[in-house]
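Protein chains in written order, with this note's numbering: chain W, 1 to 287; chain S, 1 to 405; chain P, 1 to 263.
Be aware that a few hints might be false.
[What the hints assert, rightly or not] Stretches of chain W that chain P covers, calculated by requiring three or more beta carbons in the stretch to come under 8 Å of a beta carbon on chain P:
# : stretch
1 : 9 to 15
2 : 50 to 59
3 : 137 to 150
4 : 174 to 181
5 : 207 to 215
[What the hints assert, rightly or not] Simulated crosslink set (DSBU-like; lysine-lysine; CA at most 35 Å straight-line):
# : chain 1 : residue 1 : chain 2 : residue 2
6 : P       : Lys87     : W       : Lys93
7 : W       : Lys192    : W       : Lys93
8 : P       : Lys89     : W       : Lys200
Honestly, the hints are just simulated from the structure, not real lab data.
Just so we're clear, the structure is a prediction, and the values are computed from it rather than from any experiment.
Ideal Cβ positions, reconstructed from N, Cα and C, are used throughout, including at glycine.
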Amino acid sequence: MKWQRTNGLFLLLLPAYAFLLLAGGSFILAFIESTGNGEGFTWSYYLSLFDRRELTDGLTYSIWITVSSTVVSLITGWLIVRSFYRLIDGNAKWLVWIPMLFPHFVWGYFVLLLLGQSGLISTALVQSGLLEDRTLFPVLVQDRSGIGIFITYVWKEIPFVILMLLPVYLQLPRQFREVNTVLGGGQRHWFKTVEWPWIKPVMFETGLIITAFIFTAYEVPGLLGVSYPQMTPVIAYDWFYSASGEERSMAFALLMLAAFILGACALTGFALMNKRRMLLSKSSHRY
Amino acid sequence: MKKMSILITGLLLTGCSSASDTEEIDLSNRSWEDITEAAAGETVRLYMWGGDTGINSYIDEYAIPALKEEYDVTLERVPLDTNEIIQKLETEKRADQNEGTIDLIWMNGENFKRAKEGDLLFGPFVEEIPSYQEYYQAEDYAYDFGTATEGYEAPWGKVQFVFQYDSAVVDTPPSTLDELADWVAENPGRFTYPEASDFTGNAFIRHVMLGKAAEADELLGEPYEPLEEEQSAAMWDFLNQLEPDLWRGGETYPASLEELDRLYSQGEVWITMGYNEARAESLVRDGIFPETTESFVLEDPGSIGNTHFLSIPYNSPNKEAAMAAIDFFLSPDAQLEKLKPDYWGESTPLDQASLSEEQRAAFDELDRGQTVPDAEKLADTYISEVDAGYVEWIETEWRNEVAAD
Amino acid sequence: MKKNIFYMSSVIFFLIPVLLLILKSITAPWRSGNLPDWTLRGWETVFQDSRVIESMAITLGIALAVALINLIVGIPVAKALSHRSFKLKNTLEVLLLLPLFLPVIAAAMGLHITMIRLGLANTWIGVTIVHLVPTIPYTIKVLKAGYDRIPQDMLNQGRMLKAGVWHAFRTIELPLLIPSIRSAIFLAVTISAGQYVLTAIIGGGSVITMPIIYYPFLQSADDTVMSAFSVAFVLIPAAAVLIAEAAAMALAGRLFIKRRSIQ
């Protein structure tokens with residue numbers, strides 16, 4: 001019996017190993033590139049990252065944009081699902097998922113068309129006489145604080161959050177709700193004991209995925225950012241395609257560093273959460 | 001698990017070190033007849049950036065049937081960015097893949113440098129190409145942005161840096177850098193240039209470098225050497241003085257030429273710029289630029305021109321056919337067709353003196369369109385590219401000297 | 001009331017952008033002051049390249065294949081991660097997420113070398129396999145979350161009734177997983193259809209998908225052409241989702257009938 005079970009586990013995980021073989025190779029190679037191209041091992045590319053002023057200046061800016069966009073899209077998406085999940089599961093699903101069909105770049109370009117100083121909104125305001133001149137329209141894209149990047153990401157990631165959370169809410173155990181009411185628990189109690197533990201792992205993973213994406217994708221900040229400071233992925237992209245071999249290795253080092261940090265966050269998060277979940281699913285036997 | 005990691009490493013590293021044993025084509029004892037004979041019936045895959053309808057239709061509508069006619073070679077155009085092409089070749093080289101898919105690449109400057117240093121190219125081959133020998137002055141194409149070409153790429157086209165302006169709002173365009181500075185001061189917010197990491201923006205700054213910090217003669221044909229601080233101070237001063245009167249008060253710069261063009265198209269700025277003196281033709285025709293668009297060049301410091309080339313990768317499966325295609329692309333007929341504004345509209349690197357009377361007349365009489373400056377004006381202001389090292393130097397320095405503060 | 005607010009804001013934020021893009025694709029660039037002219041130039045440019053239709057079909061085929069493999073690979077792994085406990089489970093979960101943390105430009109080189117070794121570079125099979133890298137992590141996440149919400153005792157019941165693995169999966173797990181499967185397919189299809197760098201390098205120009213033709217036009221000041229391409233592009237993932245949905249519906253319908261007949 002035991003043998004059968006472990007064997008079954010092996011079979012279930014077999015595709016995962018095959019996948020890791022495929023993806024792992026590219027990881028190892030990227031790591032080799034970041035540590036001296038296979039000719040001797042060195043951490044110097046990692047260290048020299050912090051000598052580059054454009055990178056250290058860009059880092060705070062990138063982290064700020066990444067964190068704020070992630071948090072805002074997570075919370076907004078969650079509130080939308082929470083209030084409307086029955087509606088979304090109906091015909092509105094297609095409506096909500098529209099932005100996901102477009103590549104990020106196109107959405108960024110759309111934000112540019114809409115909110116630029118000669119964009120649709122500013123033109124409409126000038127035409128209708130509400131605004132005297134389009135230069136008076138606030139600078140919302142290609143601005144120093146990254147508002148345009150933030151708007152694009154929030155707009156584009158909210159549907160993703162909805163997509164990830166929708167199945168969770170559709171499977172919310174409604175029988176718990178009755179139990180909660182019978183036991184005299186209020187809204188808050190319901191949220192704390194059932195809803196939050198139920199959605200927390202998905203919220204964490206979704207947040208992690210969005211963070212990873214925003215911190216490493218160059219298309220949107222490339223289009224909607226300013227010349228200085230730049231987001232780290234834009235810098236990495238420039239280095240990656242530069243003629244100098246040293247900058248290419250630095251690009252790999254920068255991207256690997258981000259991957260390591262995110263991986264460490266993921267590992268801690270999962271370790272904490274899986275422990276909790278096991279307890280939760282064990283206790284659920286009682287209901 | 002351990003087994004697996006050994007497997008991965010083994011799988012990935014086996015070809016990284018071993019030397020390649022490509023089946024080299026020895027060109028020295030083969031006549032052009034041999035080459036074209038081997039080429040007949042073959043297919044050539046030309047990899048090039050595909051984002052311009054004029055360039056695409058030049059290949060699809062003109063070159064493909066004409067090359068078939070001339071050498072019985074089938075041409076296939078594959079749209080791919082040069083960055084990805086080079087990356088693909090680099091990895092193929094690492095993995096010892098000697099039978100690739102690319103036969104021809106369109107490139108110049110930094111990409112050529114990266115490809116040549118990585119041994120990604122086949123050659124030298126240009127000496128074998130009859131139309132190159134007949135119609136081109138080899139010494140004009142000895143360097144591509146300071147990198148010696150050494151026969152690894154054949155000149156395909158030549159473009160010059162020009163500015164476009166909207167004549168409905170600009171009466172007399174500036175003709176020197178100082179006049180430009182005055183114009184910017186009088187028309188705040190109506191001028192800007194793409195940032196230094198953009199190909200065009202970098203070229204604009206190179207004009208400032210040649211006008212303010214160094215004499216063109218001193219730098220041309222010389223290897224790269226960073227400018228002294230007292231020398232370069234003049235160019236950064238010039239750009240920094242420009243800054244407050246630029247679009248958005250110089251708080252930011254367009255990240256690419258396309259963005260500058262969009263600003264121009266919407267009337268936010270009144271001047272745009274770019275390589276290829278004929279670039280505005282199709283943009284005006286398609287209604288993207290206003291019909292009142294005209295062009296100017298700066299008499300001081302001049303107008304930088306550069307050449308772009310065709311190369312054959314080391315692992316091209318049809319090198320003979322690729323050479324036949326290059327011979328065709330370099331021929332006066334194909335070059336004349338390329339000059340026509342309906343297709344590509346760009347200038348030719350042909351040596352005019354080598355042409356017959358009749359051929360020269362055909363080039364001279366061709367109307368390139370109202371937005372293209374006179375041939376004479378272009379020739380008078382022409383200056384060549386400086387070493388590619390300056391491109392990188394400007395990129396880093398500009399960020400610190402101009403953008404950061 | 002609640003319903004109206006929801007529909008209104010969905011239309012404003014999600015539908016109107018698309019309508020504006022469609023409008024832009026059939027008008028000349030807008031300059032303030034004058035009304036734009038109608039033009040078909042954008043759409044003519046889209047179909048100027050004779051390979052566009054073919055490339056759309058290839059993109060669609062690859063996206064559907066990617067989605068299918070994703071499900072085949074993802075379901076067993078998600079089940080194991082959710083309902084079994086074993087050593088290094090957390091580590092495995094993180095490892096499976098790692099491809100999302102390393103951008104494709106950096107991962108492309110390793111994948112390319114692997115595909116060359118396997119002899120699959122420049123083939124559509126190679127491209128399909130490589131598209132698994134940015135999609136499978138999502139699928140596993142979504143499906144694992146789905147399995148997390150199936151109580152262990154429900155799975156045990158199936159086992160106690162001595163149902164075969166496949167039968168238990170079809171009658172108990174699959175119906176409960178449908179919302180997650182739908183999300184997984186949607187993600188896999190949109191991600192696969194939008195891949196440029198991986199397709200360009202692994203497909204090497206032999207596999208021309210829609211992004212290969214479309215992305216260069218994004219570097220242009222020509223709003224009309226850009227909008228037309230964007231609208232044309234979106235038809236592919238939309239079609240792929242519809243096909244997958246129809247297939248799922250047909251399958252679910254059959255399951256439903258079967259289940260009833262058993263009762």
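Checked hints:
Requiring three or more residues with a Cβ within less than 8 Å of a Cβ of chain P, the coverage given for the stretch 9 to 15 of chain W holds, as 6 such residues are present. Given as covered by chain P, the stretch 50 to 59 of chain W fails the check, having 0 residues with a CB less than 8 Å from a CB of that chain where 3 are the minimum. Coverage of the stretch 137 to 150 of chain W by chain P is violated [criterion: at least 3 residues with CB-CB distance below 8 Å; count 0]. Three residues within the 8 Å Cβ limit are the bar, and the stretch 174 to 181 of chain W against chain P gives 0, so the coverage statement is violated.
Note: the stretch 207 to 215 of chain W has 4 residues with beta-carbon separation from chain P under 8 Å; the three-residue rule is met and the coverage holds. Proximity of Lys87/P to Lys93/W is assessed by CA-CA distance (about 39 Å); at most 35 Å being required, the pair is judged violated. Straight-line distance between C-alpha atoms of Lys192/W and Lys93/W comes to about 28 Å, which keeps the hinted pair within the 35 Å bound. The hinted pair formed by Lys89/P and Lys200/W meets the criterion: a straight-line CA distance of about 19 Å does not exceed 35 Å.
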